[in-house]
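Protein chains: 6
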Amino acid sequence: MNKQIKEFRDYRSKMNERIITSDNLVLKRLFNLDTNTYAEGALSTRVKEMLGLVSSMVLRCDDCIKYHLEKCYEQKVTTEEIMEIFSVANIVGGTIVIPHTRRALEYWDLLNNSENQKI
Amino acid sequence: MNKQIKEFRDYRSKMNERIITSDNLVLKRLFNLDTNTYAEGALSTRVKEMLGLVSSMVLRCDDCIKYHLEKCYEQKVTTEEIMEIFSVANIVGGTIVIPHTRRALEYWDLLNNSENQKI
Amino acid sequence: MNKQIKEFRDYRSKMNERIITSDNLVLKRLFNLDTNTYAEGALSTRVKEMLGLVSSMVLRCDDCIKYHLEKCYEQKVTTEEIMEIFSVANIVGGTIVIPHTRRALEYWDLLNNSENQKI
Amino acid sequence: MNKQIKEFRDYRSKMNERIITSDNLVLKRLFNLDTNTYAEGALSTRVKEMLGLVSSMVLRCDDCIKYHLEKCYEQKVTTEEIMEIFSVANIVGGTIVIPHTRRALEYWDLLNNSENQKI
Amino acid sequence: MNKQIKEFRDYRSKMNERIITSDNLVLKRLFNLDTNTYAEGALSTRVKEMLGLVSSMVLRCDDCIKYHLEKCYEQKVTTEEIMEIFSVANIVGGTIVIPHTRRALEYWDLLNNSENQKI
Amino acid sequence: MNKQIKEFRDYRSKMNERIITSDNLVLKRLFNLDTNTYAEGALSTRVKEMLGLVSSMVLRCDDCIKYHLEKCYEQKVTTEEIMEIFSVANIVGGTIVIPHTRRALEYWDLLNNSENQKI
Numbered sequence: 001m002n003k004q005i006k007e008f009r010d011y012r013s014k015m016n017e018r019i020i021t022s023d024n025l026v027l028k029r030l031f032n033l034d035t036n037t038y039a040e041g042a043l044s045t046r047v048k049e050m051l052g053l054v055s056s057m058v059l060r061c062d063d064c065i066k067y068h069l070e071k072c073y074e075q076k077v078t079t080e081e082i083m084e085i086f087s088v089a090n091i092v093g094g095t096i097v098i099p100h101t102r103r104a105l106e107y108w109d110l111l112n113n114s115e116n117q118k119i
Numbered sequence: 001m002n003k004q005i006k007e008f009r010d011y012r013s014k015m016n017e018r019i020i021t022s023d024n025l026v027l028k029r030l031f032n033l034d035t036n037t038y039a040e041g042a043l044s045t046r047v048k049e050m051l052g053l054v055s056s057m058v059l060r061c062d063d064c065i066k067y068h069l070e071k072c073y074e075q076k077v078t079t080e081e082i083m084e085i086f087s088v089a090n091i092v093g094g095t096i097v098i099p100h101t102r103r104a105l106e107y108w109d110l111l112n113n114s115e116n117q118k119i
Numbered sequence: 001m002n003k004q005i006k007e008f009r010d011y012r013s014k015m016n017e018r019i020i021t022s023d024n025l026v027l028k029r030l031f032n033l034d035t036n037t038y039a040e041g042a043l044s045t046r047v048k049e050m051l052g053l054v055s056s057m058v059l060r061c062d063d064c065i066k067y068h069l070e071k072c073y074e075q076k077v078t079t080e081e082i083m084e085i086f087s088v089a090n091i092v093g094g095t096i097v098i099p100h101t102r103r104a105l106e107y108w109d110l111l112n113n114s115e116n117q118k119i
Numbered sequence: 001m002n003k004q005i006k007e008f009r010d011y012r013s014k015m016n017e018r019i020i021t022s023d024n025l026v027l028k029r030l031f032n033l034d035t036n037t038y039a040e041g042a043l044s045t046r047v048k049e050m051l052g053l054v055s056s057m058v059l060r061c062d063d064c065i066k067y068h069l070e071k072c073y074e075q076k077v078t079t080e081e082i083m084e085i086f087s088v089a090n091i092v093g094g095t096i097v098i099p100h101t102r103r104a105l106e107y108w109d110l111l112n113n114s115e116n117q118k119i
Numbered sequence: 001m002n003k004q005i006k007e008f009r010d011y012r013s014k015m016n017e018r019i020i021t022s023d024n025l026v027l028k029r030l031f032n033l034d035t036n037t038y039a040e041g042a043l044s045t046r047v048k049e050m051l052g053l054v055s056s057m058v059l060r061c062d063d064c065i066k067y068h069l070e071k072c073y074e075q076k077v078t079t080e081e082i083m084e085i086f087s088v089a090n091i092v093g094g095t096i097v098i099p100h101t102r103r104a105l106e107y108w109d110l111l112n113n114s115e116n117q118k119i
Numbered sequence: 001m002n003k004q005i006k007e008f009r010d011y012r013s014k015m016n017e018r019i020i021t022s023d024n025l026v027l028k029r030l031f032n033l034d035t036n037t038y039a040e041g042a043l044s045t046r047v048k049e050m051l052g053l054v055s056s057m058v059l060r061c062d063d064c065i066k067y068h069l070e071k072c073y074e075q076k077v078t079t080e081e082i083m084e085i086f087s088v089a090n091i092v093g094g095t096i097v098i099p100h101t102r103r104a105l106e107y108w109d110l111l112n113n114s115e116n117q118k119i
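Protein chains in written order, with the working numbering: chain A, 1 to 119; chain B, 1 to 119; chain C, 1 to 119; chain D, 1 to 119; chain E, 1 to 119; chain F, 1 to 119.
These are computed hints drawn from the structure, not numbers from a lab.
None of the values given here were measured: they were computed from a predicted structure.
Just to be clear, a hint being listed does not mean it is correct.
Any copy will do: because identical chains look the same in the list, a pair fits if it lies in one copy or spans two.
Subject to a maximum C-alpha distance of 27 Å in a straight line, what follows is the list of computed DSS-like cross-link-like pairs (lysine-lysine) [as the list claims (entries may be wrong)]: (1) LYS76 / LYS28; (2) LYS3 / LYS28; (3) LYS76 / LYS3; (4) LYS71 / LYS14; (5) LYS14 / LYS3.
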């Protein structure tokens, strides 16, 4: 697995575990609720993950973007679709979103490449 | 047509016209580009309007929310789907999004009701 | 009761009811979790409501500010304390917070005055 | 004087006075510092007011926008220059800035018209 | 002292010194005013630092979070209290605050651990 | 050339190229429009770059700040002028902008120093 992907996942897992084991009930429930939000419903998980991605982009949170890119990758979102999500984010959120788009596309390419390396 | 809907549309049209006729080329092109962003592509206009709606909610812009609600209404997005878009926006963006959700749902109901009145 | 206060409360109640009865489980649980967040714990409800107020101010949400001002009023936060919360919000968030501070102080004065009128 | 302009100025003056007389030293000093920020220096007041305007637009604060539009008007900023400031704000901040641009241009037109009425 | 803590403090001190010695009077006074904001008053420094922390979290500024965590640590804020501040920040600001919460809790643990190492 | 400057420019160029060659027309046009926004017009490129810089600061995007600092440097903006732009950004945007100001001033100093080394 690519080093950048591995580091992101490991740090995220370690600190989420640390937060959850801190016994703050509100944070535990919010984490739980966060997972439920993207479950299949009237909208598919696939569309919901796209909604999560575009929201993370206009709010300009790199780690949230990476997380939803991973989920979109699992949901077989294509690169062409990803670019259209990026275009909505950049039009709504402005050129201030461009630096995040650069890092997002780099991470998206890593996800696609690292997978290829497995084969 | 409902008064609140009419006022929103009239003001929006009048001032957009005022902006476009001011002969600022950058703004004209941005308005044009904005329209193109939601055209059918790898993603459908329907999904793109959902992306526009959720982005407007987490960025907390009431007028942008109303605009994308109208577009979602045109695209036959159901109330159940709208509520799931609202849920993503509120989980990602937090309870600070709730007051905008109240106004958004009120406007969504107006759109549905005023249409019914036409029949 | 003061008209502005009554309108705020009535609209808030009506639309919260509308959201909750829409049967979106994520939103219902988030509303529930929101209430739990400010319960007595390691920190008192009084301090937590101050935290909610200052957060609403730097994020510049007038309705959220009004809501937490009402809760601070219930918790017997003094005007001098409120002004210090406003000062933290304006220093951290900048002069962009000033217009919200104007409306917040007006609402705070209304809360104090309307209560006086009851006596 | 135009009614909308008068109401904006009257409310602003009244509540600023209320804040300053509350005897919170931090807020008093911040208000004072705010005034100093736009004084003639290495940059002219004219350019600084443009900086204040574009900042208010990308942060999407209608009252701050109105205030800086008034200051730009005093500084003889032309409509063509205002439109270019709007274009920077909309490109950097995205289409989420458009509703604020509509209200900003309306207010700018009012400022120019009401002045004409005086003559 | 822990390396991450030392680097944060050293860079902060060095660049604050650089800013202050640049002879921009507005920035100097703002820095000064910032210090005064958290002085004992109607509210204790302890509560004000909590207000500063929660504001920094919902505005998602990692360096501001670290700074206020250090101040909270000096004020003997407990880990249980810190977690409740985090819970308010995550509920008000949404899951977009989670990545900042991960880094905040890591830094909080470092502060507690590095202190222990001194003993 | 200074290493930090070189890395910023190289990564920016590489990923912008990657985005543009992805054949998403909306993003291509937005990149193009972004360039046009800062062209000489009613306002000079020099003033427009100052507007871009202050917008990037209040929106707190480090990479956008670096980019506009480079453009301001090309436009012979003086250090005293830069400090006044920083002061507007910090007053409007609050102390949350300070960490970005530290990094901005460091980068500005690098630009000035690395250039001196060329001579």
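Now for the hints, and whether the structure bears them out:
For a Cα distance limit of 27 Å, the shortest separation of LYS76 from LYS28 across copies, 25 Å, qualifies, whereas the shortest one inside one copy, 29 Å, does not. Taking CA atoms no more than 27 Å apart as the test, LYS3 paired with LYS28 passes in neither setting, with 29 Å inside one copy and 30 Å between copies. In this assembly of identical chains, LYS76 and LYS3 lie within 27 Å of each other by CA distance solely inside one copy; the values are 22 Å within and 38 Å between copies. In this homomeric assembly, LYS71 and LYS14 come within 27 Å of each other (Cα to Cα) both inside a single copy, at 19 Å, and across copies, at 26 Å.
Proximity of LYS14 and LYS3 under a CA criterion of 27 Å is satisfied in both settings, with 16 Å inside one chain copy and 20 Å between copies.
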